[in-house]
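Single-letter residue listing:
Protein chains: 2
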Amino acid sequence: MKAHIITIGDEILIGQIVDTNSAYISKALNAIGVSVYQISSVQDDKDHILESLAFAKANSDIIIVTGGLGPTKDDITKSTFCEYFDDELVFNQEVLDHVEYLFEKYVKKPLLESNKTQALVPSKATILKNKYGTAPGMWMEQDGKVFISMPGVPHEMKGLMEYEVLPRLKEQFHLPYILHKTLLTYGMGESAIAQRIEAFENELPSEIKLAYLPSLGRVRLRLSTSGAIKEDVDAAMEVQLQKLVPLVADVFVGYEENGPLELLIGKALTTKRKTLSIAESCTGGSVVQRFASNAGASGYLVGSTVTYATRSKIEVLGVDKALIDAHSVVSAEVAEAMAVQVQKMYNTDYAITTTGNAGPTKGDSDVAVGTVYIGIATPEGSNAYHFMMGNHRKRVIEKTVNKALELLHEEISKN
Amino acid sequence: MKAHIITIGDEILIGQIVDTNSAYISKALNAIGVSVYQISSVQDDKDHILESLAFAKANSDIIIVTGGLGPTKDDITKSTFCEYFDDELVFNQEVLDHVEYLFEKYVKKPLLESNKTQALVPSKATILKNKYGTAPGMWMEQDGKVFISMPGVPHEMKGLMEYEVLPRLKEQFHLPYILHKTLLTYGMGESAIAQRIEAFENELPSEIKLAYLPSLGRVRLRLSTSGAIKEDVDAAMEVQLQKLVPLVADVFVGYEENGPLELLIGKALTTKRKTLSIAESCTGGSVVQRFASNAGASGYLVGSTVTYATRSKIEVLGVDKALIDAHSVVSAEVAEAMAVQVQKMYNTDYAITTTGNAGPTKGDSDVAVGTVYIGIATPEGSNAYHFMMGNHRKRVIEKTVNKALELLHEEISKN
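Top line first, the protein sequences correspond to chains A and B. The opening residue of the first sequence carries number 1 in our numbering; numbering runs sequentially from there. The opening residue of the second sequence carries number 1 in our numbering; numbering runs sequentially from there.
This list has only true hints and no planted wrong ones.
Any copy will do: because identical chains look the same in the list, a pair fits if it lies in one copy or spans two.
Below 25 Å or equal to it, Euclidean Cα-Cα: the simulated BS3-like pairs (lysine-lysine) are:
1. Lys57 / Lys46
2. Lys129 / Lys145
3. Lys321 / Lys344
4. Lys394 / Lys129
5. Lys2 / Lys27
6. Lys272 / Lys362
7. Lys46 / Lys209
8. Lys274 / Lys362
Hints in this document: simulated from the structure, not taken from any laboratory. Values in this document were obtained by computation on a predicted structure and should not be read as measured data.
Whenever a hint applies, use it, and build me the whole structure from the sequences.
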C-alpha cells in the first residue's frame, strides 16, 4: 500500500511555515505498514489541487490531504473535493451539533454564520469526527482508492489520525509490517563510518536498506525493512543489528526509536533515582528545554539557571569573581565551577553546564566565536571539556546541546 | 517565474526528519521575486526522481533539488542527473582541491576514497561552490529551464543559496517584486476576525490576497501581492494596511516580517536600556530559549532560572514556603512572588514567570492539567494572570510561552 500526502496552503510555498504535518503523518502511516510514496505541497488553488489529486491517484492507493478546511474565504478544499468527485455540499446535523458543543464548552462566544458552514460536507463523504476542532475530516473513495481530507491545524490533524484515519485504514486493508532501526552515533564522520562498515554494507540482503543521516556532530544509521510477518521481520533485522552494532560500538549511544538522548538520560536518572540540575550560558535554556518538554521531567530535573550575564554567574551562581578574572568567563575553570555551584544550589546528583561564545560577536569574553566549554559534576567529582563549534550562532547552540547530552549520558552510564 | 522544489530522501517520507529546507528555499526565492509552484518530497529512487524532474519541468521554470549528494551508497542524485541530461561524470580538480582544503582545515583526518568521489560531477553542469561541505552544488539547463542540485544538509544548502543560487537567478532572470505583510494578532479567533473585517476583505483588489493563519492563541493575517515596480507594490500594500490595521488595533501586536515577538521585545528593551530576567516552572526553559536563540540577547537578558521542583522555588528563588502552602505552588500569588524574587535576584527592570501544570499528570500541585499562571514584575510593580491552556503538554507549554511574550510586550509598550 502506497500513500501520497498532499498539504495545501500558500503559507507553505512562501516559506512562512514549516510543514510538520507531513512528517507526523508519514511516521504514523509507516507504523501501520503504509509506505509514503510522495509528499506534495501545493497552492490554495482549485486547478492545482485537482491536478495533484489526479497525479496522486495515478501512483498511490491512499491520498491524504491536509489544509484548506477553515471557515474563511481562502479555504477551498471542500468545494474542490466536490468538483473532483462530482459531488455537492449537504448539511450535516451531527457536525453542527459538535461545532455548537465546542463553542459552548471552550469558545464561550455565540456561533457565527461562518462557523455553521463547517456543517456543510460533500454528500458522498464519510465524516470523520474532529475532536479538537470545528472542521470535520472526510473519507471518500474512487476506483478502490481512498481520499482523506483533514484540517491543517496540527493537533486537530493528529487527533483525526489517531482516532479515525489509522483505525479505519487498518480495518480496510491488509497491511505489512514496516521496521526501522536507527543507530545514533556521535563523534565520527559519515564517510569514516561508511568505510568502516563497508563489508557489512556489501553483504546486506537486498530487502534491508541502509541509510546515513549526518547532522551537527552525529550520524544516524538507519536500517529499514518490511514483510508480512512481524516475527520474521524482527528476526531478520536482529541478525543485521548483531553484526552492525559491534562495528560502531565506540560511537554508538542508542536507538533513535527508543527516543532522543534527553529521554534516555531522563529514564536512566529516574531508574537510578538520581537528580539533575543545569546551568547554561551560551545555550541560553536550550539544554533544560530539551528535558522539560518531555513528560516525567519533574521526576529528576530539580532546576536550572541561565546565567547569561557575567555578573549573574558571580551573584546568582556564586562563581568566584577571581576565577573569572584569572581564566575568562569562557574557560574550563568557569564551566567546572558553574557545575559544582549549580549542583550545590539545587542539591542534585548530577549537574551539566555550558559557557561559550555562540556569536556573532564576542561577548563578555575575548575568546573566539565558537569556543565552548561544557562542565559536568557527578557524585564522584567534576570536570570540563573544550570544543570549537564553528561560527554560526544557532548551529553552535545546537551542537553544544548535543555534545552536553552526549557527555552527560556517558557519565550516567558509567554508574 | 515559477519554481518547483524537489527534496530527495527516504528519511522525509518515513517521517524521520521534518523537511525544513523547503521553507527556507521558498522564503529566499520569494524574496527575489520567484514564486514556488510546488514542493515535492520523493524517495531515494532513480525512477521516482526522473519522474519528478519531468513533472516539475512541465509546470515550472526553475527546478531546485536537494539531497542525495553525500559520499555514501544511498546518494544517487548525481548519477540520476547524468541519466536525465544524457551526461556522464567527469573529474573536477577545483572540487577536489576544496575537499582537500576542508579536510585539512576542519576534519584533520586523511581524505578517504569516498570523499574523492565528490570531485566527480556531470560534464554539462556548472559547479556551484559549497563553502561549508564537500558536495558541490550543480546548475544545469534544458529547454530554457534551470535545474539546480544542492546537498540536503541545511547549512550547506543555505550557504549555496546565499552565495551561488540567488545571485545567479537574479542575474539571469528579470524578476518581479513579491511582498508579504503579516499582521500578528493575539486573543481573537479566526472566524471572529473574519467577521469583523468582512467588508475590508470584500473590497480587497484582486491582485492582493488575504490569508488567515490560526495557531495556538494567535491568528496571523497575511496580505500578499506582487508587481514589476517595487514602489507601486509598496504603495498599494500601504493603502490596504491603512484600512486593515485600525480594524484589528485591539489585538494587533506587530508585523511578522519585523521578526517574532521575542525579537520585538528584545529590541524595545535594548532601545530603552532595560533588562530582563525570567523564572520558569511549567515552561521549563522554553521562554528563555526563545530570547537566547537570537543574537543580541546578552544586551538585555541578565539571566533566568527554571525552578522545576517546589523546593527550588523556595531554596533558590526564595519564594516564601508559607505562601506556597497557603495558595498552592500553582497560583497567582506564587507566580507574582516568583516575578518579584527573580527580578531582585538578577537585579533587572522586568521579570516574567510561569507556573502551571502542563500535564499529563498532576505534579507538585492539585490544580487541573492546563492551569497556568503568568507573573510579571516591572519597575512599577507586579501582577499575575490566570489561564486554562488545554490538556496537551507541548501545546500547554507553547501557548504559555506565547501568552507570556504577549503580556510582557504589552507591559514594555506602556512605558
